[in-house]
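Chemist: Just need the whole structure built from these sequences, with the hints factored in.
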Amino acid sequence: MSIKVEGIQKRFGNFVALDDVSLEFPTGELVALLGPSGCGKTTLLRVIAGLESADGGRVLLEGEDASDTHVRERNVGFVFQHYALFRHMTVFDNVAFGLRVKPRKERPSEAVIAKKVKQLLELVQLDWLADRFPSQLSGGQRQRIALARALAVEPRVLLLDEPFGALDAKVRKELRRWLRRLHDEIHVTSIFVTHDQEEALEVADRVVLMNHGRVEQVGTPDEVYDAPKTPFVYGFLGAVNLFHGRVDGNHVSVANHAHPHLSADLPHGEEVVAFARPHELDIVVGDAHSHGIGATVTRILGFGSQARIELQSEHQPGVPDQVEVELPRTRVRELGLVEGSRVRVVPSQLAVFSRPAAGALATGTAS
Amino acid sequence: MSAIALNLHAAPRHYEDNPATRETPWIKWSIVGVSLLFFALFLLLPLATVFVEGLKKGWDAYLAALVEPDALSAVTLTLLAAVIAVPLNLVFGVAAAWAIARFEFRGKQFLITLIDLPFSVSPVIAGLIYVLIFSTHGWFGTWFADHNIKIIFAVPGIVLATIFVTFPFVARELIPLMQAQGKDEEEAAIVLGASGWQTFWHVTLPNIKWGLIYGVVLCNARAMGEFGAVSVVSGHIRGYTNTLPLHIEILYNEYQLSAAFAVASLLAMLALVTLVIKSWVEWQAARAASDDLRPE
Chain F
-5 MSIKVEGIQK
5 RFGNFVALDD
15 VSLEFPTGEL
25 VALLGPSGCG
35 KTTLLRVIAG
45 LESADGGRVL
55 LEGEDASDTH
65 VRERNVGFVF
75 QHYALFRHMT
85 VFDNVAFGLR
95 VKPRKERPSE
105 AVIAKKVKQL
115 LELVQLDWLA
125 DRFPSQLSGG
135 QRQRIALARA
145 LAVEPRVLLL
155 DEPFGALDAK
165 VRKELRRWLR
175 RLHDEIHVTS
185 IFVTHDQEEA
195 LEVADRVVLM
205 NHGRVEQVGT
215 PDEVYDAPKT
225 PFVYGFLGAV
235 NLFHGRVDGN
245 HVSVANHAHP
255 HLSADLPHGE
265 EVVAFARPHE
275 LDIVVGDAHS
285 HGIGATVTRI
295 LGFGSQARIE
305 LQSEHQPGVP
315 DQVEVELPRT
325 RVRELGLVEG
335 SRVRVVPSQL
345 AVFSRPAAGA
355 LATGTAS
Chain B
255 MSAIALNLHA
265 APRHYEDNPA
275 TRETPWIKWS
285 IVGVSLLFFA
295 LFLLLPLATV
305 FVEGLKKGWD
315 AYLAALVEPD
325 ALSAVTLTLL
335 AAVIAVPLNL
345 VFGVAAAWAI
355 ARFEFRGKQF
365 LITLIDLPFS
375 VSPVIAGLIY
385 VLIFSTHGWF
395 GTWFADHNIK
405 IIFAVPGIVL
415 ATIFVTFPFV
425 ARELIPLMQA
435 QGKDEEEAAI
445 VLGASGWQTF
455 WHVTLPNIKW
465 GLIYGVVLCN
475 ARAMGEFGAV
485 SVVSGHIRGY
495 TNTLPLHIEI
505 LYNEYQLSAA
515 FAVASLLAML
525 ALVTLVIKSW
535 VEWQAARAAS
545 DDLRPE
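Line order of the protein sequences matches chains F and B.
My numbering applies: residue -5 is where the first sequence begins, and numbers increase by one.
My numbering applies: residue 255 is where the second sequence begins, and numbers increase by one.
Fair warning: there could be bad hints in the mix.
[Stated by the list, open to error] A short, non-exhaustive set of chain F residues, derived as facing chain B with CB atoms under 7 Å:
hint : residue
1    : H82
2    : G92
3    : L295
[What the hints assert, rightly or not] With a cut-off of at most 27 Å between alpha-carbon atoms, the simulated BS3-like pairs for lysine-lysine come out as follows:
hint : chain 1 : residue 1 : chain 2 : residue 2
4    : B       : K437      : F       : K96
5    : F       : K96       : B       : K463
6    : F       : K110      : F       : K99
7    : F       : K99       : F       : K112
8    : B       : K404      : B       : K463
9    : F       : K96       : F       : K112
No lab work stands behind these hints, which were simulated from the structure alone.
We put the beta carbon where it would ideally sit given N, CA and C, even for glycine.
Modeler: As structure tokens, this is what we get:
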């Protein structure tokens, strides 16, 4: 089922949780709502489910305005961060709940319910746990049961609120691959909320980036990672180095050095911020070079084929104190870099944006 | 793996078993001694006295004091007041706790304060308020008198006063419990299509079961033992408006010490039964809670 939200507004007191959010979720896709905590992603999910009512705007489920439809009639499946399994019921009864509370004339017989529950438990690969209580399961198992329970009523759409947020790193990774495979199997329109960019990029067909109650960018994982449309998206997806400078023709000038940049249409003289991912910076050594930014190597971290080099830059306006560069390890050896080496850092490309208002950037540059 | 398991098994399970955390015998036994002495002096001795004094004139006198018509009527009235007050406060307590724990609304703090009022107001004052409102000279007294309804110095007044003083027990017990449990499970039930009633019956009630029973037990103990508020509205009409505590007071004032203690032993036994149920409920609730907290 397709979901559309139009101009959703939501406030909690003075706090604006959602500010004119309009989005479309096409049928059968798995979409991630990604953003830092407090960006409104969970609120949006709860508004779509009907657990929260919007102050303004409309939610359209399959083209129909659902604003006045009660939660229980929206036929959505909802998975909570902390599982929300019924603690006094067995796994079987948890999954059967949605079928057993149906009005008498729609309710399937106990035999049909038992068969269906068994199928769902097989789908989540936990049919051997049917008689256990939630307290006897691990976190990952609980969340899979919660998913089976949500699927029991054959929801038209599946909403997952930070489904792996309470799990440890290893289980998270397993479960998100498993979720992707499951989605490929059942193809129900799904939206999941996460603050983990890796999770969003790895699992989703499309990613919606949110910040301060607004949508920053919508696109496939490749699109949002390779061509971030706003400084926030650039900073939020992966590590970046942030420079301040001014547009100078088709170059951008940072600390009196001109660098080529990617953005075409910025007026001459505009104050800008420029981003470079660690792999978009190069290091040169020797006195022959006068361009680039002078810096001292403080640490070299070599993992696998790539080495991460942390540098302390010479203090110059517009240049961050710490710069992070990623180079192939062979190149590090070629250059003979060691801790304490005096080098120059040269951006191979810079992504440039007009300088935004304070607070619009993702917090923390290199993360 | 088995080595670790063995080690765990051998590890001291109490502070007491571990020399590193053990107190010196001197400190340990003086603390234990002081506690036991207090317990014996202020709890055990009075309790024993009740039964000893009650049985001083023998079994026959003891039983006679209990089956005497005035005593029986006091027992009936006490039971009646509890039977009406406890279910009413049960329904009210669940409703109030539900509203406070689950919803945000204006005046929520005020409602919480109101629920606590019977704890902070002296029961005697509570009784006087009812007299002021419902007695023949009170605000609504003439209306009730015209319609031939008697509240003060009659059974309805006693029931009202009992409801007032036992008002907070159930709600107070449930509010923190429901706040701690959160509303995730209820939201999950509603999203799955359950009606409000189904959600309450199949999800909310089982989760608050032990807290609810605990609150009801305490509420009942207080309803049967209440003295101050009931004393003011009762009028002490023998065989008609005397509850057990009031009956005991009258016997005591008339120097029928043995009979007074005999009837008091009934209340003491009620207290003992309440304690047993309370401990059992606490044990059950702790077991349920430790199930929830079992590591993942």
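Chemist: Tell me, in ascending order, the numbers of any earlier hints that this structure violates.
Modeler: 3, 8
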